[in-house]
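Chains A and B, in that order, are what the protein sequence lines are. Take the first sequence: its letters are residues 1 to 562, numbered as in our numbering. Take the second sequence: its letters are residues 1 to 518, numbered as in our numbering.
Bear in mind the hints are in silico, worked out from the structure with no lab data behind them. We put the CB at the ideal spot given by N, CA and C, even for glycine. Warning: the hint list may mix true and false statements.
Unchecked claim - Pairwise CB distance ranges (calculated):
hint	chain 1	residue 1	chain 2	residue 2	range
1	A	Thr432	B	Pro429	58 to 66 angstroms
2	B	Glu142	A	Pro435	48 to 56 angstroms
3	A	Asn422	B	Arg285	38 to 46 angstroms
4	A	Arg468	B	Arg390	29 to 37 angstroms
What the hints assert, rightly or not - Covered stretches of chain A, as calculated for chain B (at least 3 residues, CB under 8 angstroms):
hint	stretch
5	89-103
6	181-189
7	230-243
8	389-397
Said to hold, decoys possible - Derived, one-sided and incomplete: chain B residues facing chain A with beta-carbon distance under 7 angstroms:
hint	residue
9	Ala23
10	His42
11	Ala153
12	Phe157
13	Arg408
14	Leu411
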Amino acid sequence: MIVGIDLGTTHSLIGAYAGQGAQLFPNALGDCLTPSVVSVDEEGLVLVGQAARDRLISHPASTVAAFKRWMGTPRETVLAGRSFRPEELSAMVLRSLLADAEAALGEKVSEAVISVPAYFSDAQRKATRAAGELAGIRVERLINEPTAAALAYGLRERPDGARFLVFDLGGGTFDVSVLEMFDGVIEVHASAGDNFLGGEDFLDALETACLADLRLDAQALDAQQRGQLRRRLEAAKRGLTANAVASIEYALGAQALAWQIDEERFAKLTEPLVQRMRAPLERAMRDARLQPEQLDEIVLVGGASRMPQVARLIARMFGRLPLRHVNPDQAIAQGACVAAGMKSRDQRLDEVILTDVCPYTLGTEVARRDDQGRPQRGFFAPIIHRNSVVPVSREETFWPISEGQSVLMLDVFQGESPLVANNIKLGQLELTLDPKRSIAENAVAVRFTYDVNGVLQVEAAVQATGRRYELVLEQNPGLLAPEEIRTRLAALAELKIHPREKQENLALLARAERLYEEHIQARDQLQNWIARFRSALETQDDILIREHRREFGQALDLLEGT
Amino acid sequence: MSPFEWLGLPEDADERAVKRAYAMRLRTTRPEDDPQGFQHLHAAYQSALAVCRASAAVPAQAVAQASHARDVPVAGAFDSVRHAPQAVPSPTPIASPAPAPRPAPSPVQAATARPREEPQPRFELEAFCTQAIHLAAQGDGEALLVWLKSQPALWSFRLKTTAGHELVRRLYRDVPPMPAACLHVLLRFFDLDHVHAGHDPLALQRLERRMRLAWELQPAHRDALDRRLQLGWEPPARALGPDWRSLLRSSLSSGAKPVRTKRCLQRLQRPFHGWQGIAAGLFPRRIGEMEAFIGQLAGAHPEDLPPSIPREQLRFWTEAADTRHFGAARLLAGIGKLLLVTALALPLGALLTLGLLDSGSATASPYLPLLLGLAPATAGLLWLALHYFRIMDNWHSRAEPLPARWPRLRLALVPGLCAIGAAGALALPPPYLWLRLPVLFAALWLGLRRYWRRHDETGLYLNPTLMRIGLLVLLFTTGSPALVMGGAAMLAWADDLRRHRGRLRLDAASQESSRPGR
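Please model the entire structure based on the sequences and the hints provided.
Laid out in structure tokens, this is it:
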């Protein structure tokens with residue numbers, strides 16, 4: 001069985017293509033959305049999900065969130081004395097998701113299709129694959145998030161002959177894809193995006209404004225206080241989707257603070273972020289060579305696309321209102337499930353064929369002669385153009401710049417800038433030439449091949465000698481080497497995750513601890529309740545624990561409700 | 001094979017049929033199972049679609065031309081690249097910016113035909129461009145960006161594309177003064193700073209340089225120029241041409257002593273007169289200072305300085321500083337230098353003679369002041385000769401792939417000089433035998449320099465200092481310096497010839513000149 005996973009910045013989901021089509025699996029708390037938060041408790045056990053998210057308030061030092069943004073970088077996070085790379089943190093979320101899937105399916109899961117933002121770079125994709133390996137599964141395919149959402153949407157609506165745009169604003173990334181669906185073919189025309197734009201940035205804008213209004217210094221607040229503030233602002237942000245005004249009340253030590261924001265001010269604060277979405281939208285439309293009136297639908301996915309600014313942006317740019325009848329939180333995961341079903345050759349998906357594109361340009365560095373005949377270095381010569389349909393294989397011929405040249409350096413770059421200095425270097429190939437031959441004889445044919453999974457292969461052949469070279473992409477500092485993955489896998493296996501059946505109790509305790517931090521006046525009572533629940537847990541009497549849990553949960557609901 | 005045959009369709013199939021056939025064939029040629037087959041299929045599909053659209057666009061285009069054409073999509077330049085097999089002429093009309101285009105029409109109208117002629121609030125393209133360039137000339141990138149973002153008309157995809165292209169066209173046409181940051185803001189906002197925008201990066205860099213220099217040389221922005229010059233000279237785009245040495249020198253000297261911007265700029269902006277060249281020779285440091293200043297100001301591209309700088313002035317200072325060539329500028333400066341020396345030497349000689357006569361010294365000759373006056377003239381001649389020798393040396397020892405004039409003379413120079421030396425030994429009477437030594441020394445020098453300079457990369461590396469010392473030792477220890485010099489020169493020449501024998505054949509075969517741009 002191949003599962004489909006949406007590994008999001010703020011939330012993750014898992015599912016499979018089973019009896020009734022795409023089906024998502026609930027976690028131990030009965031929710032399909034598992035927060036992508038990892039925490040390590042006092043005993044060195046790992047918590048993932050809602051419990052970890054509550055611990056973000058009560059134990060900020062040993063909890064981490066939004067690590068998807070660091071994928072593909074060597075950044076390490078220290079939790080309870082052990083440092084973790086973003087791949088490892090993602091692997092722990094994956095492990096917890098897989099436990100949920102195994103509980104629902106009753107069988108071992110070993111393969112998965114994982115969705116990634118369409119605009120994820122080579123390093124970020126490789127890091128996601130490494131995370132899968134660290135979680136002990138084989139990643140059969142990485143599917144682009146907007147494409148996945150389009151799959152889910154397309155299969156349900158069957159809009160034959162329609163062109164549509166998927167606008168995916170998640171917690172941390174922004175993606176746009178323009179697609180067309182006809183006769184069962186889902187064809188991606190263009191993708192564009194911004195890897196550092198998402199709901200979290202809107203929250204940051206809100207936090208900055210709030211701190212400025214309350215004359216608070218962000219540095220002066222400790223991690224716990226900031227966590228509490230962000231949690232309240234998050235609720236306020238969600239409130240602004242439905243209401244015109246949202247307010248928060250916040251206790252800082254003995255000081256009670258209150259802050260209010262209306263929709264207009266929120267829109268003004270986040271104007272720069274909204275402006276940043278224009279460029280990817282324009283680029284995707286231009287690359288697809290479509291005008292707004294040629295689009296049939298605009299589909300919004302990703303939790304942050306619920307914000308009113310997004311609908312306004314679409315209305316201004318496209319002169320119409322976006323379509324909303326997909327579940328923005330689940331569409332991508334459902335699409336990933338469909339992709340998993342396609343991968344396992346499900347009979348019902350036999351009619352569906354998906355073609356995707358390579359979202360960025362791949363090429364090499366060249367020198368050119370300027371108008372005075374002087375050679376100038378550092379120009380980018382594209383070989384695979386962005387938004388080419390994958391798999392794609394292209395060949396270009398290059399010549400040495402000067403007579404008698406014995407070495408030709410072939411640098412492989414990814415990016416859009418005409419100068420390589422602004423692009424990302426992926427690797428380097430050194431070719432030996434025969435210096436006695438002329439420039440024309442020393443021509444080098446360079447072939448780039450980009451496959452469905454986003455793996456780039458570079459081949460070069462010197463035409464005079466017929467010698468062939470193949471590029472082994474050098475290990476850049478953001479990536480893990482295969483042997484390192486193996487050692488880290490062993491180290492990670494030693495790390496225990498709380499068993500699934502205990503999750504409910506843990507989540508309740510974490511929630512009570514969070515409330516303890518938030519509600520100063522009810523502290524004594526909460527401490528009392530926590531102690532009683534702990535002693536109930538120690539009896540190991542299932543019936544007693546269940547009874548106690550129910551009452552405890554109701555009491556907490558009541559406390560939080562007031 | 002036509003794309004329609006690939007898809008199993010008649011040549012007059014419509015778009016719908018092409019898509020259906022593509023979908024059918026895709027079932028057996030899935031991208032993940034058969035990458036090769038899929039690529040062929042997709043290429044055929046794209047070509048067939050392009051043909052369909054072109055033929056469908058012909059009637060619509062007739063209508064569009066009856067009104068007026070406008071509005072070329074930005075991807076236009078890139079279309080032909082994308083559809084490598086069977087490039088079909090893009091059906092989009094050519095841009096004509098004169099009538100201001102109107103914003104996007106309603107979807108219904110676009111679906112039927114595309115007259116796009118309904119009245120809409122007009123967007124004044126000309127006025128917009130003028131205003132944008134005016135704001136950019138203020139130099140505040142942030143304010144420019146805020147203004148651009150606040151333009152409601154630019155929310156329309158089509159209009160923004162048109163406006164971006166028109167703006168860049170005007171920038172190329174007028175080269176308005178503008179700092180680089182503002183140009184980048186404009187390019188980024190209109191999404192023209194990527195490889196597929198269709199702008200030549202070299203031309204764009206040059207435009208940026210020209211606009212920036214023009215902006216910095218405006219009197220109001222002197223402080224920006226000062227700031228940049230003080231921060232030091234930065235290479236614009238890593239140049240590796242033959243000029244790197246002078247670039248390096250100017251960058252090094254700029255780090256050591258900041259040149260006086262104001263003084264140098266005044267000097268550069270004056271109209272040029274011939275006497276000024278002679279005057280420059282009187283102050284030899286001025287040439288170096290000006291060279292460093294021009295290097296800092298414009299890097300390797302002094303030709304991109306705005307027209308407010310007289311070209312003669314610019315040419316004079318760059319030529320005067322260039323020791324590898326000998327032109328009018330250097331001659332003028334040399335004359336100036338000679339005049340200075342003569343003017344100093346003549347009174348000095350006169351004073352000295354007077355002093356000697358006064359002291360009653362019998363050895364004092366009345367010709368002394370004349371001799372002292374002749375010495376600078378001789379020095380000037382020697383200086384000229386040395387310069388020409390250096391130029392000859394440079395020409396003679398040029399690396400093989402670089403073009404050089406009179407290749408045959410170049411090859412025969414060293415043997416020719418040696419032959420003159422040998423002939424001198426036979427023909428000259430003994431007291432004048434020493435006359436052949438300078439000739440042979442020149443041959444030796446040229447031969448060794450040629451050998452060394454053409455082999456420093458591929459062959460054995462010879463330390464020039466060691467080589468010269470060894471030579472001197474050899475000269476004084478052996479009895480016949482002439483023989484040693486001539487022999488060594490011929491040896492070096494022969495070895496150089498042996499190493500480059502392949503090239504000799506190649507040159508003879510053809511003056512092969514295919515030099516691709518990449």
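We went through each hint and held it up to the structure:
1. Thr432(A) - Pro429(B): 58 to 66 angstroms: At roughly 59 angstroms between Cβ atoms, proline 429(B) and threonine 432(A) fall inside 58 to 66 angstroms, so the hint holds.
2. Glu142(B) - Pro435(A): 48 to 56 angstroms: holds (52 angstroms)
3. Asn422(A) - Arg285(B): 38 to 46 angstroms: Check passed, 40 angstroms falls within 38 to 46 angstroms.
4. Arg468(A) - Arg390(B): 29 to 37 angstroms: violated (47 angstroms)
5. 89-103: violated (count 0)
6. 181-189: holds (count 4)
7. 230-243: Result for this restraint: violated, n = 0.
8. 389-397: holds (count 5)
9. Ala23: holds (4 angstroms)
10. His42: Holds, because the Cβ-Cβ distance from histidine 42(B) to chain A comes to roughly 5 angstroms (cut-off 7 angstroms).
11. Ala153: Alanine 153(B) check fails; min Cβ-Cβ to chain A is 11 angstroms, beyond 7 angstroms.
12. Phe157: holds (6 angstroms)
13. Arg408: violated (19 angstroms)
14. Leu411: Result: violated, 18 angstroms to nearest chain A Cβ.
When the structure is compared with the earlier hints, violations turn up for hints 4, 5, 7, 11, 13, 14 and for no others.
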